[in-house]
Each structure stands twice: as structure tokens, then as C-alpha cells.
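Engineer: One letter stands for each residue in the lines below.
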Amino acid sequence: MIPELMIALSVGAALFGVGLYGALSQTNLVMIIMGVELILAAALLNLVAFWRYLHPDVTAAKMFVLIVMAVMAVEMAVGFGIAIARFRSRGSVEMEEARELKG
Amino acid sequence: MMDLSGARQGLLRGFRGLVAGAMARDLRAFVVPGEDVANALGLDLDAAGLIRAVTPRHANVLLIAGPLPTALADAASVVWAQMPRPRCILALGEVDLGPLPSADVTAEMSQAGLISGLEDLRKLIRNGAFAPDIAEFDAPALSEWIEYTCPMHPEVISDEPGKCPKCGMFLVERRVSGAAPHAHEGHEGHEGHEGHEGHEGHEGHEKSSAVSTQAEKAHHQSDAVTSAETSASYVCPMHPEVTSDTPGSCPKCGMNLVPQAEAGEHAHHGHHAHHGHGHHAEPASEPTGPYTCPMHPEVTSDAPGSCPKCGMDLVPQTEPGKHGHGGHGGHKHHKDMPAQEGQGEHAAHGAHEQQDAHGAHHGHAGHGAAPDIPGIEPHFMSMVELTEGKPVSPDGLVMEWIDAPFGPFFPGLPGGLQMVLTLDGDSIAGADIKGMDAAALPSGVALEDFAASLADAVPLSPVAMRELACRAAEAATGQTAPKDVLTARAAAVERERIASHLNWLAGLARQVGLFSLSRKAADLQCDVRTAQADGLAEQEGAINSLLTAARQGSFLRSKLSGIGTLKGALEGPAARAAGHPSDARHGDVVYDELGFEPITQDQGDAMARLRQRCAEIAQSLDLIAEAGAIAMPAVPRAKGDGHGMAALETPRGPATLYLTLKGGMVSSTHLTTPFAALAAHVPDVIKQMELADALTVIGSLDLDPWSATQ
Amino acid sequence: MSIAVIILALAIGCYAVAVLEGWAVHGRLSLTRPATSALALLGREQILPRTSDRLFFEVGPVLLLVAGLLSVAVIPLAPGLIITDLAIGALFLNAALAYVLVALIMAGWGPNGAYGMVGGWRFLGQFIAYAMLIVMPITAVAMRAESLSTTQIVLSQAALWNIAYQPIGFVLFVIAAMGVAWLPPIDLPTGGGDLAGGVEAEYTGARLAVLRLARLVIIVALAGATVTFYLGGWLGPWLPGWVWTALKTLAVAAGMLALGSRLPRLREAKYLELSWKLGITLALANIFLVGVIALVVPI
Amino acid sequence: MSLATALFLAFFGVAAIWFGVVVFRTHSMVRSAIALLFSQTAIGAMFLVMQAEFLGVLQIMMMATEMSVMAIFMVMFMMDPGGMGKMDMTHQKRLSLWAGGIGLVAALVVIWTAGWQGPAPDVPGADEQARLLGREILGRSMFIFESAALMILTAMIAATMVAIAPQEEDTQ
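Chains as they are written, first to last, in the working numbering: chain V, 99 to 201; chain R, 3 to 712; chain F, 2 to 300; chain H, 4 to 175.
Bear in mind the hints are in silico, worked out from the structure with no lab data behind them. Careful, some of the hints might be misleading.
[Claimed, not checked] Within a straight-line C-alpha distance of at most 30 Å, the following computed DSSO-like cross-link-like pairs (lysine-lysine) qualify:
| id | chain 1 | residue 1 | chain 2 | residue 2 |
| --- | --- | --- | --- | --- |
| 1 | R | K125 | F | K278 |
| 2 | F | K271 | R | K689 |
| 3 | R | K689 | R | K485 |
| 4 | R | K664 | R | K485 |
| 5 | R | K569 | R | K436 |
| 6 | R | K664 | F | K278 |
| 7 | R | K664 | R | K689 |
| 8 | R | K689 | R | K569 |
| 9 | R | K436 | R | K689 |
Could you put together the complete structure from these sequences and hints?
Structural biologist: So this is what it looks like as C-alpha cells:
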């Protein structure tokens with residue numbers, strides 16, 4: 099039982115919950131990206147917490163964090179690229195209006 | 003002890019004494035009608051140690067240095083209202099201040115007057131910056147009422163808070179101010195302030211712009227009678243045949259139904275008018291807190307703001323009696339208001355407040371809900387539908403635009419020039435430019451008075467105007483002045499050309515942030531303005547080095563090259579910069595004697611205009627040296643009738659004056675100046691330019707809004 | 002102790018920069034003007050624009066000040082005279098400066114005015130232009146010092162100052178620093194002729210004073226950073242270290258201000274173009290060159 | 004020491020969650036983006052508390068830029084970025100709440116039943132960490148690092164290509 103680890107992981111869990119709620123409930127693509135960012139941030143937090151309190155000698159964990167950060171940036175860049183393209187062609191970034199994506 | 007007209011409330015003692023002393027030493031002036039006018043009238047603001055503020059919010063002195071026609075006086079009163087207290091007015095010369103409070107210090111219109119006025123002002127501030135009783139100031143142009151509008155649909159205007167019938171969003175409060183000559187323009191005015199959406203071609207918008215505010219109100223009222231039972235009908239965006247009385251989804255495609263715009267508006271009017279009636283039946287109660295948090299109903303406040311619990315913006319409570327009444331009163335007021343052209347400035351500086359940059363300009367679409375109907379899924383307001391018909395930027399994105407007012411006292415533009423630029427981000431999507439509606443030229447006055455008032459009305463080139471009046475008068479009376487007098491008068495016009503071009507250079511340098519160049523040019527301008535021929539010869543070295551600095555140093559070339567290229571029908575320096583040797587001096591006998599030949603450039607861009615003006619300064623110096631003497635034009639005595647016409651190349655291009663004399667008095671006149679033709683080019687030239695470039699291009703044109711309409 | 006000394010030095014530095022700025026903008030050198038201006042600002046009415054985002058309006062200037070102060074925290078005045086000698090000080094400086102952007106966006110959005118909003122978004126638009134040109138030269142500096150600690154970076158310049166070792170980086174860094182502090186000619190968010198004060202346009206009284214103070218702190222921090230990274234920090238003969246740092250910092254600040262009043266304002270597209278096409282290429286070349294030099298001739 | 008760490012962690016953790024909630028509660032889109040920024044900054048502060056200096060500062064720095072960019076996209080693509088219309092922009096709210104709640108509870112259950120073994124080990128100093136991370140990046144993990152760089156480059160190009168306006172000649 100490591101109290102700091104529990105706190106950090108619990109915060110991560112809460113952020114994950116909030117992010118998941120946001121990503122599912124929002125209708126706007128940009129807001130959905132925000133939810134995904136929160137989920138990724140929760141993942142980051144967990145990674146750092148595990149590194150710090152379980153395996154501080156494994157530097158590769160930090161490497162992993164860096165990669166996740168890069169993923170966040172990439173996700174945003176591509177997400178906004180799609181948002182611009184959609185907005186240009188359809189005049190909307192509302193998910194409700196992305197009917198053609200519906201299975 | 004005298005109080006300042008704009009003192010701040012409080013007792014002047016202790017620490018405040020120190021503060022007042024500091025304020026007295028730290029004068030920051032907002033110059034009305036503009037620094038270019040002040041310079042042209044011979045004031046050297048830098049030499050007087052006066053620091054200028056770029057916005058009234060940072061100023062504590064309103065320096066009135068120049069004539070103030072009614073429209074500008076109204077705009078100045080808005081500026082005054084925006085200045086933080088303690089504030090004061092320094093008026094130079096005899097000016098009618100209009101709605102402004104009387105000047106704290108009045109001084110004569112001269113450099114000495116400015117300096118002594120500032121001294122007096124310092125004493126006054128030291129002793130009166132704080133006063134226990136202060137006078138409220140309400141700018142008439144700012145008199146306002148509150149109305150409610152949908153952030154998405156600016157055409158929805160209501161006197162009562164509530165929800166938008168089109169998208170179900172809460173209407174937001176806004177203050178509307180100013181008034182317009184007639185109700186129709188008043189309506190446009192609202193849109194200008196808040197709107198940014200005046201361009202979109204929404205359903206209902208065409209209608210609303212065609213209908214006057216007053217008529218729309220009437221519309222409200224009449225609907226109230228008939229439409230009590232009206233309810234919005236909903237329609238599928240894809241299948242127009244599917245309609246429903248309640249929100250829901252389309253049975254064919256599953257899309258959410260959207261409210262039909264027309265029906266919605268109908269219902270809206272009915273609804274609100276109905277509200278209004280119900281409300282007016284009640285006595286006007288004063289609710290303790292007209293604003294409340296949507297999440298925490300226990301939070302109430304007298305002022306808009308955010309909820310202390312959740313940070314959400316407070317919304318007007320549904321029954322704010324006070325506001326409803328205010329709205330109605332406002333409307334009455336609105337109707338009675340005199341013509342009000344000061345709105346430009348109103349927005350230019352302070353009335354950022356009116357500008358609802360946050361909510362309103364982003365009106366893509368409403369994603370509306372009917373949150374007050376429990377159990378029903380919020381119906382969906384199609385963003386596709388609402389972005390449809392919106393202007394599309396050249397990059398293909400549907401954009402919402404901001405109408406941002408620039409002028410009449412914008413620091414980067416000639417004083418008095420009023421513009422409304424439609425900004426698409428940082429670039430220009432459209433422009434509306436106009437000069438001042440200067441007072442009509444007097445008729446039925448003596449020639450001398452006419453020439454004087456013409457020169458006063460156009461403070462940027464008074465000598466040229468006077469010379470123009472003289473020439474027209476000579477043509478009308480058939481008199482001619484001796485040749486040496488004519489030459490000396492031409493030299494006076496040339497001297498003014500030098501001063502005017504230098505003043506223009508100072509303004510352009512100020513606009514692009516070249517403070518040292520601007521200071522030097524303004525300083526030289528003041529010296530040149532009244533110099534005699536030999537004095538000018540002494541200044542020649544300084545002028546030439548300044549021109550060299552402007553042309554070659556200081557990287558102005560990179561800023562000006564290639565932007566604002568004008569071709570085609572032009573006159574004045576802009577035409578000559580584009581390679582057309584059109585010059586009213588060409589072929590003039592007096593100028594021919596002096597050996598005048600028009601100078602031209604090729605490119606026609608802003609840099610070519612700079613080079614052209616620099617070359618013209620040098621040319622004018624030569625012409626003056628050739629003429630040898632400078633004499634102000636003297637108006638001939640006139641008897642009897644006659645009419646005459648004269649053309650003159652003013653510093654900004656050819657001006658023409660028709661003059662009819664009756665019984666020795668000026669009976670009718672007609673003045674044509676280059677302003678209108680040049681200003682007409684502006685919207686096309688600056689379209690899709692970046693804001694900074696657009697302002698530079700406008701600056702490079704040297705527009706003279708004072709000669710706009712005569 | 003060292004915190005008090007540095008805060009005092011910062012206060013003096015800010016005042017000196019204010020005097021210099023008055024000289025650059027108004028053409029007059031007055032030792033008392035900043036003091037009177039500050040007093041006068043404090044005595045003025047504070048106006049809250051209507052329908053403003055109150056939270057952003059209030060937080061913007063304070064956040065700007067905090068960002069400035071944080072960036073000062075890793076700049077050494079002399080050996081041992083530093084608020085916090087972080088192992089990753091150079092990165093920390095970047096992180097603190099990134100919040101200048103956030104603060105300006107908030108301050109621009111808050112008052113609900115067109116000029117302020119355009120100003121704030123302009124600053125964001127030019128952000129990558131200067132952010133990359135701050136980070137990449139610092140990378141080259143850290144490569145030479147083999148550390149991100151600001152103290153180590155100063156010590157690495159004992160033999161040869163970085164201004165001589167990597168002059169391209171110095172030029173890029175100074176230009177980028179001017180962008181961060183929105184000094185003329187890159188004063189896009191507040192340009193007087195363009196936006197009539199822009200982000201500052203709606204601020205009055207004490208809030209404006211905070212905004213102006215924050216900007217002075219940022220200018221001092223950036224000049225200090227330039228000195229730390231390129232001009233050998235406290236290194237210098239005869240005089241004590243802190244005097245050298247102070248003198249160099251003021252000289253850099255004066256240079257940046259003087260440059261500004263002699264150049265016309267860059268327009269945003271041009272600035273972005275220069276930064277992306279020329280600046281980043283040069284910065285990469287700089288990193289490459291420094292790497293090669295570090296391998297071939299160890300100084 | 005441990006108590007102080009736990010307190011700081013809890014403080015920044017609560018801040019991060021609170022700002023995270025504000026993201027989806029506020030009507031003003033710009034506020035929403037800035038709230039996300041402060042949530043991420045609080046997470047960065049938690050990294051700092053957990054002695055991951057480099058990562059913490061990097062997180063704080065990167066998020067400032069990313070979220071500011073997010074803010075301008077919110078303004079561009081939202082119907083009511085100032086939040087003046089108080090419009091509701093959610094759908095399937097109940098489902099989302101359940102999903103978020105279940106995710107949270109599941110994670111918490113796992114966390115609190117996993118039985119991590121204490122005590123917390125010591126970590127190397129910040130200098131040493133930075134050195135180790137550098138050696139890791141440019142040594143063993145170089146390939147991964149380079150792949151990440153390539154990924155970012157690809158994403159940049161792809162995003163630009165997707166977002167770029169179709170030219171006249173393309174559409175004809």
C-alpha cells in the first residue's frame with residue numbers, strides 16, 4: 099500500500115471517467131477531442147505514477163510518457179485537420195450531422 | 003479651488019495628493035480630431051512634452067485640437083465617456099464642444115497656447131483630481147436601452163428575456179445605444195454593434211433589415227393578438243414534407259427535426275409580445291436580483307457576472323421588470339433621437355462594450371434545445387443549415403465576420419475618417435469608408451468670409467483651399483492678380499504641399515510604428531508650415547535627409563512594396579505614383595514659368611506613393627526657390643454678379659470649385675475634391691488584405707475626410 | 002536571502018527598462034516618468050467593460066505577471082544567486098514563457114472587444130513562429146553545456162561566449178524574445194497603429210498597471226535569458242558577477258528597445274513566413290553546426 | 004515528507020479533476036479550453052510532485068500551446084464560443100454518464116484492490132534523471148524516439164493536406 103500511488107491513480111481514474119463522459123456526451127468534434135485529451139492525460143498520470151512508485155529505475159517508462167505526449171499532439175493535429183476539412187465540405191463539425199459515418 | 007469636470011470621487015488628501023501630483027505630471031492625451039489635424043494646425047505635440055494615448059481608456063486628457071463638426075463632437079463625447087476618471091478636457095481655439103462638458107482649460111490654438119494650457123491643466127489636476135461630488139456624464143450617443151437577442155440569430159430582437167424561437171437558446175442581454183436618422187438605419191446600427199452578421203443571408207434577415215425597428219415593434223404588437231396559440235412547427239432538414247408540431251426525429255431518416263424558421267419567428271413575436279403585455283399589466287417591481295445562475299437558482303445578482311459556485315455566466319431572470327420597462331423607454335428615446343453619426347467612434351474605442359465579440363459574432367448555428375420541456379430529448383438545431391448561405395472565406399471555410407469600427411479617431415488613420423471594416427480573423431472581408439459630413443459651405447456671405455470658412459473646414463490644406471477660392475473668385479469677377487503675386491501664391495501652395503506631405507509621412511510612420519521618423523517628420527512639418535522662402539532653403543538639408551531616411555532606411559520599403567497597387571481612374575499623387583502624369587499644375591501658366599514638369603513613378607503601390615510624395619517635396623522646394631517669395635492668397639473684392647470656376651492641384655489631388663456671385667456675395671458653390679474618388683478604391687484594394695496592410699494602404703493614400711462632402 | 006536580492010534586482014531592472022522604453026517610444030529619457038506613470042495609473046478609475054468575461058479579464062494580467070516572475074526564477078544573477086537552480090532550468094523558462102500566450106489570450110478575450118480579441122488571437126497565430134525559435138537555439142546552447150541547468154550553461158561559456166560560438170542562435174533567440182515580449186516591431190497584439198492598444202485597449206487603472214508591469218518583467222526575464230544563454234551570464238573581468246549580469250541585461254534590453262523604434266511593424270503573415278521558412282531552417286543549421294563544432298573542436 | 008507529497012498530490016489532483024469537470028460544464032468554449040489547460044497543468048504539477056521534473060515541465064509547456072490552439076479551434080467551430088446562449092451541446096447524456104461512471108468505478112476497484120507493495124522507492128536526482136533520460140532516448144529507445152518523430156512529421160503533413168483548401172484547378 100503506497101498512499102501517494104493510490105492518490106495519483108485515483109485522480110487518473112477520475113480524469114478517465116470525466117474524459118470518457120465528455121468524449122461520449124459532446125456533439126462537437128472539438129469537444130470530443132477535449133475528452134480524448136483528458137483520457138490521455140489520465141494515462142500519462144498513471145504512467146508517471148507507476149514509474150515513480152513502482153519502478154523508478156526504468157527510464158523507458160518516461161520514454162513511454164514522451165510517446166504518449168507525442169500521440170496527444172498528433173491526435174490534436176489530425177483531429178483538427180479533419181475538423182477543418184469537414185467544416186469546409188459540410189459546414190458542420192457536429193457529430194449528429196456525421197450521418198454518413200453511421201454504420 | 004476649481005474642480006475638474008471629470009474628477010474622480012473621493013477626498014483629495016494624504017496619499018491621493020501624491021497621486022494627483024503624479025497625474026499632473028503624467029498627462030496622456032487622446033487627440034481629437036487627430037494628430038494629423040493638430041500637426042497641420044501648427045501644434046508640435048512632442049515638443050510640448052505631451053504623451054499621446056492610443057485609446058481613450060489610457061488617456062486622462064482629451065485634447066481638442068481642431069474643428070469639431072457635430073458628428074465628431076458626438077463621437078468625442080463617447081471618447082470622453084470612455085476615459086477613466088480623473089479626466090479633463092483641454093480645448094485649443096474656439097470650438098463648439100457639442101455634448102461634451104465645457105473645457106477645463108481653454109487656450110489659443112498655437113504651440114504657446116498648448117504649452118500654457120498644459121501648465122494650467124497640471125495645476126488643475128493637482129488640486130482637483132479628486133472631488134467629493136462628481137458630475138455624471140452621459141454621452142447622448144451612448145444613451146441606451148437594453149434589449150435581448152439570440153447570439154445565433156441577431157435578427158431576433160426582443161424587449162424581454164426568453165428563448166430564441168429559432169434555436170431555443172436563451173436570449174442574451176445587450177445594450178443598444180445611439181440612434182440613427184431613421185429607424186431603418188437604427189436597426190442596421192444595432193447589427194453593426196452587436197451583429198457581425200449583417201452579411202449573412204439568413205431567412206428572416208432580409209425581412210428584418212427591410213423592416214424598421216419601429217415597424218418590427220408594431221409587428222410584435224399585432225402578433226400578440228393573433229398568435230396566442232401559435233406553436234413552432236418542426237420540419238426535417240432533408241424531407242420537407244415531414245412536419246410536426248413537436249420536436250422529435252424524422253420517421254424517414256432519423257434526423258432531428260428542426261424548427262421552421264418562419265413559423266418560429268412568428269411564434270416568437272407572439273410569445274414575446276404576449277409576455278410584454280402580461281408584464282405591463284403588472285406594476286414595475288424592482289426585483290432584488292435580475293440575474294441568476296442557471297444551475298444555482300439561489301444565486302442572484304444585480305449585475306451580470308459569473309456564479310460564485312460554478313463560474314457559469316449569470317442569466318437574466320425571466321421576469322426582470324426593470325429591464326422590460328427600460329427597453330420600452332429606450333425605444334421612445336430612440337425614436338426621438340437626432341441624427342447620430344458618431345457611432346463609428348462609439349465603437350471604435352470604447353464601445354467595444356457594445357461589440358459583442360464573444361457570443362454574437364460566432365453565430366454559426368444554433369444547436370438548440372428546448373430545455374424547458376421535460377422528458378423531451380433536446381431537438382437538434384442543424385449546424386449545416388445555419389452555416390448555409392454564410393459568407394465563405396477564400397480558404398473555403400464558412401466564416402463569421404466581425405464588423406469592427408475604425409475611426410473617426412483611430413490612431414492609425416487620418417483623424418475624422420470613419421471606417422467599418424469587416425474582419426475575417428486578421429484579414430479584411432469588406433470595408434465601408436466615409437469621410438465626414440462636413441457642414442455645408444456657407445452661402446450668402448462675402449467672398450472673404452467664404453474663403454476663410456472653406457479654409458477652416460479643411461484643416462489639412464487650408465492654404466490650397468484659400469487659393470482655390472481666390473482663383474474661383476478671380477474667375478468670377480474677371481480680376482487677375484499681378485504675375486509676381488500669382489507666383490508667390492503658387493509658392494504658398496507648394497509650401498503647403500511640402501508640409502502636407504511631411505504630415506502624411508508622420509502619420510504613416512506613426513501607423514507603422516516608426517516613432518522616431520514620425521517625430522522628425524512632424525517636427526519638420528511644423529517648421530515648414532510657416533517658413534518663408536529663405537527659411538525653406540535652410541531646411542532643405544534636413545528635409546532631404548529625412549526623405550532619404552524614409553525612402554531608403556528604416557525598412558519602409560519592405561513594408562510598403564507591392565501592397566495597395568492602384569491602377570486605372572485616379573488623380574493626384576496616387577495617379578502619378580501609378581504612372582499617369584495627371585496634374586492640374588501641368589499647363590498652368592504660373593507653373594510653366596517656374597519650369598514645372600509632372601513627376602511620375604511606375605509601380606502604383608504604396609511604396610511608389612511614398613517615393614512620389616518624397617519626389618514632390620523636393621520638386622516643391624525647387625519651385626519655391628524658383629518663385630523666390632511666398633505670399634498668402636488675398637481674396638479680391640467683388641461687386642456684382644458672375645460665376646467662375648477654378649481647379650487647383652491640392653496636396654491630395656485636383657480640387658475644383660464653382661462659384662456663383664450675386665451682388666458681391668457668394669450665392670452658390672460646388673466643390674469637388676479627390677476624396678470620394680480615392681475612397682471609392684479603398685474597399686476593393688484592401689479586400690482580403692491583412693488588417694495591418696490594409697491600414698497601411700489606407701494611410702498611404704492620404705485621404706482627407708474633411709473635404710468629403712461639400 | 003537570494004530570493005529577496007533577485008526580486009530587488011528585478012524591480013530595479015524593471016524600472017530601468019521602463020525608463021529605456023520611454024526613451025525608445027517617446028524619445029525622452031526621464032528617470033522619474035515610470036514612477037509617476039505608475040502612481041497615476043493606480044489613482045485612475047478602473048472600468049469593467051460590459052458583458053466582459055470577468056474571470057478572464059481579471060486573471061489575464063495576473064497570469065502574465067506570474068509567468069514573467071516564474072521565468073525570472075531560473076535566471077542566475079551570480080554564482081549561487083538564483084531563485085531555483087533547476088536541473089532543467091532552460092526548459093522551465095520555456096514552460097513559463099508559454100503562459101505568456103495563455104495570459105494574452107485571456108486578456109484579449111476577456112474584455113469583449115474586437116481589438117483585444119484580434120490582438121490575443123494574433124499572438125497565438127504568431128506563437129509557433131517564436132516558440133520554435135526560442136526552443137531550438139536553446140537546444141544548441143544546451144548541447145554545448147551538456148546540461149539544461151542555467152548555471153551550467155553560463156559556466157560552459159567560460160572559454161568563449163555563445164554569442165561567438167553560435168551567433169546564428171543568438172540572433173534568432175533575440176528576435177524570438179522580442180516576439181514573446183511583443184516589443185516593436187513585432188508588437189502585433191498591441192500595435193498602436195493597427196489595433197489601438199489591442200489587448201491592452203480595454204484595461205484601465207491598476208489592472209493596466211499590472212499588465213504593464215508584467216510586460217516589463219517579461220522583457221527583463223528575456224534579456225536576462227539572452228545574457229545567460231549567449232553573453233556569458235555573470236562572467237566578466239574586474240567587476241563582481243552580479244554587476245556584469247545586470248549591465249549585460251540592461252544593454253540587451255536597451256538594444257531590443259532601440260531596434261524596435263527604428264523598424265516598421267512586421268505584419269503577421271510576413272513574420273510567420275520569415276520564422277517558418279528562414280528562422281527554423283537557420284535554427285536547424287545552427288544545431289547541426291554546434292554539434293559538428295562540439296565534436297571537432299571541444300572548447 | 005511523504006505526507007506533504009500526498010497532500011500536494013491530492014491538492015493538484017483535485018484541481019485537475021475540478022478543471023476537467025469545468026471543461027464540460029461551462030458554456031463558454033474558450034473557458035472550456037482554458038479549463039482543460041489548467042487541468043493538464045495541474046497534472047504537470049503532479050508530475051513535479053512525483054519528482055519527474057523533466058516530464059512535468061514538458062507537460063506544462065506543451066499543454067499551454069496545445070490548449071491555446073484548441074481554444075482557437077473552439078472559437079472557429081463552435082456556434083456560441085462566448086457561451087452567451089447557454090446552449091446545450093450534449094447528446095446521449097445518460098449513456099455517457101453511465102459509461103464515465105462505470106469506467107471510474109472499475110478503475111477505482113482495480114486500483115484499491117490491486118495491493119501495491121510499498122514502500123515508495125527513492126528516485127535519482129533531477130540531474131541524474133535528465134542524464135538517464137537522454138541516454139535512454141538516444142540509446143536504447145532511439146528507434147522508438149525516431150519513430151515518434153516520424154509519426155509527428157507524418158501527422159503534420161497529413162493534417163495539413165487534409166485541411167488545406169482545395170485549389171481552383173483541383174476542383175475543376
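Engineer: When the hints from earlier in the document are held up against this structure, which numbers fail?
Structural biologist: 1, 3, 6, 7
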